[in-house]
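Whenever a hint applies, use it, and build me the whole structure from the sequences.
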Amino acid sequence: MTSKNWLRAGLPALLTAMIAVAPALAAEGPKIDKGDTAWMMTATVLVLCMTIPGLALFYGGLVRSKNMLSMLLQVFYTECIVLLIWVLYGYSLTFTAGSGISADFIGGFSRAFLAGIAPDTPAATFTVGVAIPEGVYVMFQMTFAAITAALILGSLAERTKFSAIALFMPLWITFVYFPIAHMVWYWSGPDAIDAAAKVLAAATDSAVKAKAQEALDAVLADGGYLYKAGAIDFAGGTVVHINSGIAGLVGCLLVGKRIGYGREVMPPHSLTMTMIGACLLWFGWFGFNAGSNLEAAGSAVVAFLNTFIATAACAMSWMFAEWIVKGKPTVLGAVSGAVAGLVAVTPASGFSGAMGALVLGLVAGVVCFFFCTTIKNAFKYDDSLDVFGVHCIGGIVGALGTGILVNPALGGTGIFDYTINKVAEYDLVAQMIAQSKAVVITLLWSGIGSAILYKIVDILVGLRVRSDAEREGLDINDHGERAYNM
Amino acid sequence: MTSKNWLRAGLPALLTAMIAVAPALAAEGPKIDKGDTAWMMTATVLVLCMTIPGLALFYGGLVRSKNMLSMLLQVFYTECIVLLIWVLYGYSLTFTAGSGISADFIGGFSRAFLAGIAPDTPAATFTVGVAIPEGVYVMFQMTFAAITAALILGSLAERTKFSAIALFMPLWITFVYFPIAHMVWYWSGPDAIDAAAKVLAAATDSAVKAKAQEALDAVLADGGYLYKAGAIDFAGGTVVHINSGIAGLVGCLLVGKRIGYGREVMPPHSLTMTMIGACLLWFGWFGFNAGSNLEAAGSAVVAFLNTFIATAACAMSWMFAEWIVKGKPTVLGAVSGAVAGLVAVTPASGFSGAMGALVLGLVAGVVCFFFCTTIKNAFKYDDSLDVFGVHCIGGIVGALGTGILVNPALGGTGIFDYTINKVAEYDLVAQMIAQSKAVVITLLWSGIGSAILYKIVDILVGLRVRSDAEREGLDINDHGERAYNM
Amino acid sequence: MTSKNWLRAGLPALLTAMIAVAPALAAEGPKIDKGDTAWMMTATVLVLCMTIPGLALFYGGLVRSKNMLSMLLQVFYTECIVLLIWVLYGYSLTFTAGSGISADFIGGFSRAFLAGIAPDTPAATFTVGVAIPEGVYVMFQMTFAAITAALILGSLAERTKFSAIALFMPLWITFVYFPIAHMVWYWSGPDAIDAAAKVLAAATDSAVKAKAQEALDAVLADGGYLYKAGAIDFAGGTVVHINSGIAGLVGCLLVGKRIGYGREVMPPHSLTMTMIGACLLWFGWFGFNAGSNLEAAGSAVVAFLNTFIATAACAMSWMFAEWIVKGKPTVLGAVSGAVAGLVAVTPASGFSGAMGALVLGLVAGVVCFFFCTTIKNAFKYDDSLDVFGVHCIGGIVGALGTGILVNPALGGTGIFDYTINKVAEYDLVAQMIAQSKAVVITLLWSGIGSAILYKIVDILVGLRVRSDAEREGLDINDHGERAYNM
Amino acid sequence: MKIVMAIIKPFKLEEVRDALTGIGVHGLTVTEVKGYGRQKGHTEIYRGAEYAVNFLPKLKVEVAVASDQVKKAIAAITGAAKTGQIGDGKIFVYPIDNAVRIRTGETDDNAL
Amino acid sequence: MKIVMAIIKPFKLEEVRDALTGIGVHGLTVTEVKGYGRQKGHTEIYRGAEYAVNFLPKLKVEVAVASDQVKKAIAAITGAAKTGQIGDGKIFVYPIDNAVRIRTGETDDNAL
Amino acid sequence: MKIVMAIIKPFKLEEVRDALTGIGVHGLTVTEVKGYGRQKGHTEIYRGAEYAVNFLPKLKVEVAVASDQVKKAIAAITGAAKTGQIGDGKIFVYPIDNAVRIRTGETDDNAL
Ligand SMILES: Nc1ncnc2c1ncn2[C@@H]1O[C@H](COP(=O)(O)OP(=O)(O)O)[C@@H](O)[C@H]1O
Ligand SMILES: Nc1ncnc2c1ncn2[C@@H]1O[C@H](COP(=O)(O)OP(=O)(O)O)[C@@H](O)[C@H]1O
Ligand SMILES: Nc1ncnc2c1ncn2[C@@H]1O[C@H](COP(=O)(O)OP(=O)(O)O)[C@@H](O)[C@H]1O
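Chains as they are written, first to last, in the numbering used here: chain X, 1 to 486; chain U, 1 to 486; chain Y, 1 to 486; chain P, 1 to 112; chain C, 1 to 112; chain S, 1 to 112.
I should point out that these hints are in silico values taken from the structure, not numbers from a laboratory.
Some hints could be false.
The calculated lysine-lysine pairs, modelled on BS3-like cross-linking and capped at a C-alpha distance of 30 Å, are [stated by the list, open to error]: (1) C:K34 x S:K82; (2) X:K228 x X:K376; (3) S:K34 x P:K40; (4) X:K198 x X:K228; (5) Y:K257 x X:K328; (6) C:K40 x P:K40; (7) Y:K455 x Y:K380; (8) U:K328 x P:K34; (9) P:K71 x C:K34; (10) X:K198 x Y:K31; (11) U:K257 x C:K82; (12) X:K455 x U:K326; (13) P:K71 x S:K34; (14) U:K455 x Y:K328; (15) P:K72 x S:K40; (16) S:K34 x P:K34; (17) X:K31 x U:K31; (18) X:K380 x X:K455; (19) U:K380 x C:K82; (20) U:K198 x U:K31.
Encoded structure:
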């Protein structure tokens with residue numbers, strides 16, 4: 001890219017020649033830069049690290065030691081099984097065009113078994129003319145599917161059968177995750193829109209124009225329902241966090257409270273592990289957010305920076321809120337705040353300015369703190385590790401906040417319109433409606449879909465372990481192992 | 001590369017001019033792309049992370065707490081000492097041309113003390129015209145030597161003297177690892193072959209042709225024994241896993257069983273640590289496998305993807321096999337399966353298609369599970385942490401599987417022939433013979449070589465700790481420390 | 001860069017045309033390569049990992065379990081608060097030009113709130129014509145500020161109030177870190193110097209020459225005090241290690257010894273955590289040192305390689321010294337040596353040759369071992385986790401060693417002089433004077449500045465917890481949590 | 001004076017404590033122990049190796065009471081700790097000569 | 001009834017358990033303890049600091065038996081736990097007034 | 001013979017051990033326990049949940065002594081373990097029938 005710019009700017013004498021060769025150029029399609037490929041491989045491995053060991057330890061540290069291994073294995077299993085389903089048919093269902101009326105909601109099977117993906121098959125980024133190898137796009141998105149499913153486990157902790165989890169995850173990822181990801185993230189890509197728009201712009205004859213317009217409309221129509229509704233979600237506020245958060249809440253209501261919940265002391269067995277997990281979540285989240293830019297460019301740096309600022313702001317916001325309200329700043333408060341900040345900034349990371357991210361973090365910290373303490377205690381549901389309070393609530397704060405902070409007047413990037421090749425006019429009301437639509441549809445689809453799937457699993461294998469097994473711990477009963485033999 | 005392609009494709013008008021300057025171009029040698037350098041630095045640090053803390057924790061979690069520190073220090077020491085030997089003479093012995101009859105088996109001292117390596121000295125990759133800084137190649141390969149040596153420690157755990165380890169490692173790396181790595185991985189590189197082949201192709205006069213053929217033959221003869229035998233090993237199935245696995249088996253037979261083995265309960269002291277270690281192994285293994293491509297290109301993405309798929313498939317394969325056979329899915333089973341999958345896919349990672357990797361993982365999981373449970377129990381050797389069953393057996397499955405899965409008809413990449421500048425015809429029988437040869441020679445060289453070195457160490461300092469020291473634990477006795485003081 | 005070189009070398013026919021467009025070119029300024037951006041994002045996340053969880057675990061493992069969470073939270077808090085201050089005004093104070101007489105010591109507010117930093121705003125590297133996005137430079141440097149502050153916590157461990165830490169850190173980072181970093185690292189950058197030097201070189205008329213000289217002088221005068229004194233510090237020997245080390249020593253003297261120090265047994269509660277932390281420090285330090293090159297080029301590879309060699313050498317040096325002197329090689333010794341090696345090589349990493357780094361590591365290991373055992377025991381100060389002995393002493397060894405090892409005659413890189421566009425003549429005496437000046441000024445500024453700030457904090461909130469709280473542990477008393485509930 | 005020592009299931013601690021304070025006991029001491037008895041253990045599997053684990057986690061509760069309180073204490077513990085399933089544990093009572101409160105030097109019943 | 005309480009080396013537990021079940025004992029309770037005695041400890045070194053560690057890990061085994069079983073129990077434990085080296089441990093025997101099985105309320109010998 | 005059993009604050013162990021060796025005691029056994037008593041615990045907060053923790057870490061020191069040594073032992077422990085603040089702990093003395101040194105088979109006072 002560097003040298004391309006340089007040539008463009010520096011060699012006007014050559015421009016005439018270039019125009020002559022433009023068709024050849026266009027035929028060649030978008031280019032793959034090794035810097036982008038390097039970054040996307042790095043980003044992918046970072047997101048893997050978020051789930052295993054990151055999330056596994058974050059969650060694992062919070063359960064009692066008798067359930068440690070069950071948490072670790074549930075997360076590890078989820079990672080593996082989602083990954084396999086992803087390459088078998090998940091990627092295809094999510095990121096290819098579907099057919100007929102369902103095309104807005106789910107893709108097709110053209111990429112099943114990763115058919116047709118050669119080492120250098122290009123996948124579009126958000127920049128016209130820039131691609132990355134499709135293989136790395138497959139993997140990057142794969143890690144998103146896996147962590148989303150794994151997040152749910154926090155709500156079901158310490159009482160759900162391993163066999164129930166083993167059955168639920170493939171179902172959930174197929175019937176809940178793939179459709180929502182398709183709705184929000186599937187689109188035809190910048191090159192297709194740009195090319196169609198250019199043809200339209202070049203058309204002079206009105207018949208040609210009409211055809212060109214039709215072609216552009218077809219390209220624009222080739223996208224998921226919420227994408228077309230104008231909802232923006234940079235790295236997964238709706239798809240990942242609201243989605244898993246509501247599935248968690250529904251799950252904990254259906255599985256029921258842990259024995260002794262509210263009466264017995266259930267302190268985290270190792271806040272050290274929770275701290276390690278939280279740090280690895282943050283560490284990996286840079287891959288998650290900045291990787292979602294799909295290029296190692298200045299726009300990725302924006303997402304990266306916001307992932308620092310909002311997280312630190314939210315950690316401090318929760319910690320100081322707790323210090324003021326409860327009298328002591330806690331480790332669990334600070335790291336919960338960090339995770340809440342990461343959640344909230346996820347949809348906004350590529351769209352917000354630095355100071356916008358700071359404010360978003362401060363707000364999310366207080367809101368999630370309030371939810372996980374006051375609201376949860378009031379309703380007395382046993383969302384064991386606060387998946388709802390942190391991910392769903394944090395995700396909603398982030399999804400709505402994104403609609404506000406994307407505003408260029410607040411330092412945001414605005415939304416790029418590929419048909420006119422520049423940032424579109426910002427419209428607060430329209431944007432907030434689109435954002436709210438995405439939130440509500442995600443809540444409904446995931447909430448209802450998950451409820452149905454839990455019921456099916458309950459009928460087939462049963463959701464909950466026997467009470468003496470729960471007393472003794474899932475590690476011994478489900479896995480025949482103990483986490484620690486000191 | 002992007003811009004080079006672009007120029008080639010887009011500016012035919014310039015091509016004539018380019019031909020004129022071709023000699024100047026050629027004289028300049030292969031180019032270094034910053035994307036490749038970025039990726040190779042990242043890959044190097046990932047492989048380091050596999051050993052410390054990855055392997056140290058994976059192994060450490062499996063021993064009893066009284067031997068935790070001994071495991072950690074043995075791994076850490078091995079990393080450090082191998083690294084120092086590598087820069088002193090190991091790199092040179094492995095990756096430079098040797099002389100005379102031994103040249104097939106070991107290199108020379110021209111790069112001892114890293115002499116002659118400037119910041120921008122290029123090292124060849126697998127693509128003609130593409131280089132990376134030699135310094136990063138030195139380091140990347142260094143981390144391979146270190147982890148290979150460290151893997152052996154799992155067989156010797158909980159009873160071997162630290163002083164014996166301290167002596168054994170420098171010997172083993174010198175007399176076993178460097179020769180095997182040289183035999184498998186040393187070659188003259190794509191640019192030399194390509195250049196010689198081009199001269200041959202351009203030759204018209206038969207005398208010139210003969211001379212050119214001779215020159216090409218010399219270039220092709222400049223390689224390790226197993227490389228020339230046609231064995232392929234993308235990232236180290238033979239060099240790393242079979243090599244360390246057999247050295248481990250020999251070691252555990254010579255050191256003898258742990259006191260109480262088979263009678264006393266010896267559960268892992270912290271499966272949490274083992275889980276963290278396994279996850280970091282997986283995390284780092286992306287650097288190991290995809291880094292072995294030496295470029296941040298689509299071919300690295302292939303290796304990366306296979307490292308996901310085979311690992312997840314193998315983890316599930318082992319876990320479900322255990323669930324069926326023993327009645328419960330375990331954490332240790334799932335992570336052992338993941339490691340076995342990583343081992344098996346290592347030689348195949350850059351050669352296999354995605355579905356090939358899936359099958360390879362499924363097979364390796366069942367085979368290694370069977371070995372670590374049934375076979376090991378039948379023979380009653382005390383390979384404490386199953387280095388043989390996972391690394392040697394998994395490595396053999398992988399080495400042979402690579403010979404099959406490289407087949408383009410099965411989705412493999414085929415083997416690139418630089419003399420004709422395209423993928424060579426695939427020949428199953430020839431390939432399997434070459435692969436088997438590599439397996440057998442590695443087993444013999446490492447098995448016999450290691451046995452001799454263990455004996456020498458036993459004579460010089462003694463392999464085994466006193467029995468009361470073994471009872472009390474190596475931590476107190478060898479290191480004067482305890483891992484935990486809670 | 002590749003293609004630029006290629007064009008330069010290969011297309012002499014175009015050169016004439018290029019000269020014509022040179023002004024256009026110059027106007028465009030330095031170029032951003034995606035490989036550099038990819039590497040700098042990776043390096044940034046690696047440095048983050050050094051502090052959380054790296055340093056937090058390294059330190060945390062060394063305290064008693066009753067103080068584990070206090071250590072974790074103090075480090076986590078420090079990371080967050082420094083990060084927020086950095087984006088608010090710290091970056092600006094450190095890396096922009098100041099005004100008037102104070103300009104040598106502190107910058108201005110032009111970048112406060114990161115004003116004026118767009119996604120593609122370029123920041124200079126050390127190569128003329130090469131830039132990275134300023135956002136990533138902001139973040140990379142941010143992680144340095146955070147870890148420097150966090151290092152101090154090791155001296156204050158197990159007895160200092162959380163509220164005191166919460167107040168001290170913002171003060172210290174503002175009044176001690178920002179000035180020292182500005183003094184050592186702020187300069188006008190290679191492009192400005194190069195441009196001014198070229199104008200001077202092109203000047204023929206003596207009046208023009210005088211003006212050009214004046215302009216060049218102004219550019220050269222736009223830098224921090226120690227930078228202008230000729231002190232070199234690649235990645236922070238003075239700024240990070242001497243700075244935090246002396247602040248730690250002063251702190252432990254003012255806070256006083258822990259109750260029972262010297263009488264009661266205070267073994268590390270988990271050397272496993274310390275080992276993990278040490279490994280993550282090493283892991284992340286590659287980002288720290290090789291990232292300090294700001295480019296994914298051969299020069300970064302040099303820093304990377306030295307970070308391997310010196311660290312391993314120093315770990316072995318400390319371990320064997322301990323084995324000889326105390327009779328046993330310990331885990332804590334080996335990892336302390338690794339950290340000491342990392343500290344010592346930090347200022348030298350981009351300047352030293354490989355064998356120079358090896359010697360530096362060997363020396364630092366013995367010196368720091370001697371300090372942390374003999375000297376500390378003699379003076380009986382309670383620098384709980386040896387921040388002074390490892391970071392300050394190791395930093396001094398490194399800072400002075402850098403002055404020697406940069407010598408090209410010893411394999412060093414020499415110091416590049418941008419005004420003449422080549423490596424400057426090496427002058428041992430001048431260089432050692434410059435290095436010593438940097439050491440002494442850092443010791444004084446940080447020592448005195450820190451003492452004043454501790455006193456202020458002591459007056460405002462009190463430095464030390466009540467003695468029964470210290471007995472019971474800071475976790476319960478400051479944070480209302482316990483690290484482990486097994 | 002006597003010490004009533006009970007081996008109970010771990011999750012019964014809170015209930016036992018409450019039952020004892022209910023009859024006026026102000027202090028007790030708890031130890032984590034492993035019990036071997038009629039209650040079956042479980043099998044642990046670590047790769048190839050299977051272990052029958054017969055030692056199960058229990059808590060030992062020791063409470064010093066005046067001799068005339070022993071019956072009430074036994075009744076309180078039995079009531080609270082009973083699940084009716086094998087492994088509920090045992091109570092042993094042994095005599096003590098003397099009790100001292102370290103802080104004050106008070107002895108015997110005053111020390112409790 | 002008596003409780004036979006033995007302080008033994010940790011790795012002797014399985015043998016002691018087997019010896020006791022061999023003479024008809026069906027239950028026992030084990031506690032991890034630290035012992036101080038004639039057996040020398042070791043020195044630990046953490047950077048500058050060296051500590052003499054005198055408390056060594058031991059296990060306390062408590063087994064309630066009918067009074068006439070005490071001798072056999074002592075013999076069984078002594079036989080199994082003895083290595084002949086310093087630090088093998090001690091056996092103490094103390095009387096209990098009473099034993100209760102929580103599950104059934106059975107008392108005395110029936111409770112064992 | 002008697003066993004003097006003391007529940008003390010954890011950080012007092014070294015002083016108690018020194019006091020006991022000072023009066024000629026050569027061995028003792030220590031157990032980590034949790035104590036419930038008049039000493040107030042603390043509150044722990046984990047996100048929404050607040051727990052009052054009433055069980056505090058204590059050490060149980062058991063030392064077997066000849067009957068005529070009991071008073072001295074009590075005095076030694078009391079002297080060393082006392083801070084004067086609530087929660088200093090208790091001493092209980094109970095009789096033992098017998099002591100055996102496993103290594104040698106020596107009994108009674110010779111076993112100590
Ligand atoms: N003879 C004994 N001496 C000491 N402790 C015993 C004895 N028998 C049983 N126990 C303890 O009581 C616990 C429960 O005993 P068990 O036989 O399993 O069931 P139950 O209490 O229903 O009879 C055991 O785990 C052990 O800790
Ligand atoms: N007087 C005592 N009171 C209580 N426990 C004791 C006493 N003497 C020794 N012990 C326990 O017995 C263990 C072994 O004692 P030691 O003197 O080391 O060797 P030995 O058993 O061979 O005499 C000690 O570690 C301690 O736990
Ligand atoms: N009746 C009792 N039986 C057994 N242990 C007791 C009893 N009362 C107190 N203790 C133990 O003594 C410790 C200290 O008692 P506490 O009432 O807190 O203070 P003090 O020792 O000052 O009276 C308790 O933590 C508990 O371990």
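Structure-based check of each hint:
1. C:K34 x S:K82: 22 Å, holds
2. X:K228 x X:K376: Violated, at roughly 35 Å.
3. S:K34 x P:K40: 27 Å, holds
4. X:K198 x X:K228: 21 Å, holds
5. Y:K257 x X:K328: 25 Å, holds
6. C:K40 x P:K40: 38 Å, violated
7. Y:K455 x Y:K380: 22 Å, holds
8. U:K328 x P:K34: Within the cut-off at roughly 25 Å; holds.
9. P:K71 x C:K34: 33 Å, violated
10. X:K198 x Y:K31: With Cα atoms ~28 Å apart, K198 (chain X) and K31 (chain Y) stay inside 30 Å; holds.
11. U:K257 x C:K82: With Cα atoms ~23 Å apart, K257 (chain U) and K82 (chain C) stay inside 30 Å; holds.
12. X:K455 x U:K326: Holds - the C-alpha atoms of K326 (chain U) and K455 (chain X) are around 29 Å apart, at most 30 Å.
13. P:K71 x S:K34: 24 Å, holds
14. U:K455 x Y:K328: With Cα atoms ~24 Å apart, K455 (chain U) and K328 (chain Y) stay inside 30 Å; holds.
15. P:K72 x S:K40: 25 Å, holds
16. S:K34 x P:K34: Given that 30 Å is the threshold and the Cα spacing comes to 16 Å, the pair holds.
17. X:K31 x U:K31: 18 Å, holds
18. X:K380 x X:K455: 22 Å, holds
19. U:K380 x C:K82: This hinted pair holds, its Cα atoms lying about 29 Å apart.
20. U:K198 x U:K31: Holds, at about 19 Å.
When held up to the earlier numbered hints, the structure conflicts with 2, 6 and 9 and fits the remainder.
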